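With the hints as a guide, bring the two chains together.
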Amino acid sequence: MISQEAQPNINTDSQLWQQLKNGSELALGKLIKKYFNLLQNYGYKFVRNEDFVKDCVQEVFVEIWSRRQNISQPDSVRAYLLSSVRKKILRESIRQKINADDEIINIENDLKFAEFSPELIIIEQENTQETIKKVSGLLNSLPKRQREVIYLRFYQNLERDEIAQIMGVNSQSVSNLLQAAFKTIRENWSGLIFNYIFLINFIS
Amino acid sequence: MNTNYREYNFEDFSRDESFRQWVLTPDNKNDEFWKNWVSDNPDCTENVDIAKAFLLTLQGKDISLNNDDLDVITDKIVEETPLIIPFWKTTAFKYAASILLLLSIGFLGIKYYVQESVNVASEKISPNLSSNYVEQENSKDVKKQIILEDGSQITLYPKSKIRYPKQFSAQLREVYLIGQAFFKVTKNPKRPFWVYTDYISTQVLGTSFMVKAFENEKNIKVEVHSGKVSVYRREDLEKAKLQQKNELVGIILTPNQEVDYSIADARLLKSIINRPEVLVANSPKHFIFDETPIAKVFDILEETYGINIIFDEKNMENCYLTASFADESLYDKLKLICKITHSTYEIVDAQIVIHSKGC
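Chain order of the listed sequences is A and B. Residue numbers in the first sequence follow the working numbering, run continuously in steps of one, and reach 206 at the last position. Residue numbers in the second sequence follow the working numbering, run continuously in steps of one, and reach 461 at the last position.
Next comes chain B alone, as it looks inside the complex (with noise of 0.2 Å):
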């Protein structure tokens, strides 16, 4: 031992390794070495007692466990604890369907709080996503087309990035969006397209939609246009992969409905876009009610536009509809209908309920 202690004063002693395991965890070896150290160096008994009662004191009571007992706690740490993976990886997926799909986020313009850049947080989606991907930035103002490897299209908006690997796995194909896009997806069943974000992510049950995800927003719109997708808080989908669900919590949505995530709320909110589309493809341009059944008016706006409208039949018997309608959207038509009728609607769950007197 070549150190010389006979230099040490009380901090040198307190941060020894040698002298800390003689205080603190004392053996046969290290108290033999300390104890003929001490006794060839009487001089400096005092420093070495007062260092060794500093030790002490600070230790206090002693409530180490032995050796034994620590490798039954890392025993059970590890037979016990499940590993938590990111949900991404998982794979519990079953199929495709064919869609248009328009995430968007509400612009509320409050700065918010999205810290992580892209990298980081497709890093932590997938193996596929963090090496061996291509990442595109649409910085322009004009939109940009992409052709994936797998066929499917997308077209990225303006101050917009997209990650995607430059070969699909398997099982699955998937996509990291900061910004909006459109997406034109190759129908594949046996592998599922998924669109995540910074908070939801969305799975696609068919060919076609769009995202928007700027960072800095306070809110996430997923709007469908046709087809449908399922959309996930990123959190449940974690929750169902460590509980090794097959269940998720999820919203479906079918064409002209879109869900809100409030990232304060953290909580998805299904409702109606804001400009419902026409999903039939020959349906009428022109509809012409002359004293029709307002029942008769609602199942067709039912079927022009995909959404359930709610009300009471018995309540609206003698409401009948004299109008002709062109290209207003949908919510202009219903003001015209509830001003004729008396009545008032509210959306609930993307359903249109009206509320009538009766007529």
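Next up, chain A with everything else stripped away, as it sits in the complex (with noise of 0.2 Å):
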């Protein structure tokens, strides 16, 4: 196993942020050039609509950027940021809905983490697609908050702390979701010649 998230990546965000804070439109950009790409995807998880989900994403910046003088160091900016857009994107569905947006459908009291669609055009591997379409299938059996931790896990690469701020559970509901999770890949697993040693460590 290798080990956790590296090290020097963490201070680099927390310095970007102070930085940030003190006004530094550089650490601005760079804080945007590495994650807005990111936010963008998690938010398209919930609203299939980008120029919704793109400004939602700059609005979190734009909150951030009039608010540095006051606002606080986050442990963790990546998860600090992909819960604001979260909450920023259920609370502007939420008002657009009012607006009788009928492209916002994905709103309950919480939002409702979709299917995954990979796109098979870009792969040019044909086993590769085929793998794709096994693996989302897969994914897609699962219930939303289990894909979405399955997402956060390994897509976002977030630990489990993390993952618990953003969706608003504790940590152990995260546990929980991930075992459930991996309990029924391991069932279903079998349509794919597959190195089960992964499923052991995935779980350990």
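Note that these hints are calculated values from the structure, not bench results. Wrong hints could be hidden among the right ones.
From the derived model, a few chain A residues whose C-beta atoms are all more than 10 Å from chain B [unchecked claim]:
1. GLN20
2. SER68
3. LYS90
4. SER119
5. LYS146
6. ASP163
7. VAL171
8. SER173
9. ASN178
10. THR186
11. GLU189
Coverage of chain A stretches by chain B, computed from C-beta distances (three or more under 8 Å per stretch; other residues unrestricted) [stated by the list, open to error]:
12. 75 to 87
13. 135 to 142
Predicted model only: the values in this text are computed from it and were never measured. In this text, a Cβ means the ideal position worked out from N, Cα and C, and glycines have one as well.
Listed below in structure tokens is the structure:
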């Protein structure tokens, strides 16, 4: 197993954040370069509207920039940003729903994590395409909360505590969701030739 | 590259930065590296393939913006976003006059959410108050006298805390209070005096006043005994600053007036203080009215307490008062007058309104 998330990365984030608080436009630019697309990707999982998601992510950075003198230093910048985007999208979805925007459909009291729909066109190799179909089919069979946990853990590369913070649950719930997801994956993985060792490591 | 990718399992791959970059943001360099690696390690192809499929599945539709677009967004944010500065850093205030003000918190005993300690709150207020400040706390049962560098005097009440800079700035005199204090402010029109509490702020347009603002209380009250003050909600001041406006939405209080601020409603409500004081220095202690027209009586009271009295002159033109007043409170006087003239009174917007059926 590799070590936890690279330490220098965390330092860089909090350094950038500190610089941003001091009014550094450069630091703002760096954070935007580093996180904007990841945040958009996350937002798009809830609302399939590129412009809407882009506006929400942008708005999150606008708020951070305008309140930079009073804003606190988060433990994890990445988790803070993801969590802010999640809240912003939830709020804006509800607001725009009131304005009768039919495109915004994923609203209840919480956001619904949509099904994964990977783009198959960009993949050249046929067997990779096949694998993707199987993987996405499997992941989409999971309940939405489990899908979101898997996504945050592996795509956004987050630790359990960070996931808990973003989804507004405790770390134990995150572990439970992950384990439930792994159980389903293990039981249905037979369609793929797969190195089972990874699943064992996964859960430990 | 020393990393032993051969020992990598799926999770390791999906969290490896180099691998992620190849899958999610491929370029010639990483593509070359990973293609070579896979062809050198054909037995790992399966693992790599699944890890890749996993990441791509999780990514879904790629809606990434390129670096140029991101630069445009950054520039736009920097150019168009106003900095939100706490209002107390503003300096758009002009004068000071002379006053006696009692700021007090209505005590409702309901535990409430004043979460900020004096430290946190005052740090937000002003750089002057967050560094190089003096903090005084009165934990005794008697009042404590403090003299500020500009000569202003503060009487700090028990269980109260005040923070002020060692040296006031050239433009502003600012203090932060939790609890209750009486201020005698040295007049200086060029350096307005501000008293900040958690929810409302009071600009002193003059020389002496009292502030009472304890934590864990639901209502805040500002009472003016003499002089003039203006009271603002914190959010209004912040808003005014944000919009670069010089007009502030505040309430100006003159003697014997008070403003109630309810934290729950976040509203300022102007009224008359509990025990209005006689304002005129040489006013006679005793008022003797002998068949005095009621309009004349009200005139005298208005002048004595500095409070407007509104009544229907026509309706009450036949009302006369014969009475002798000593040092009853204004309200006791009013009650008596109302009884005699078959009327009632109410307080609306810090004015006394008399309702009478006529005499």
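Original post:
Of the hints stated earlier, which fail here?
Top reply: 2, 4 and 12
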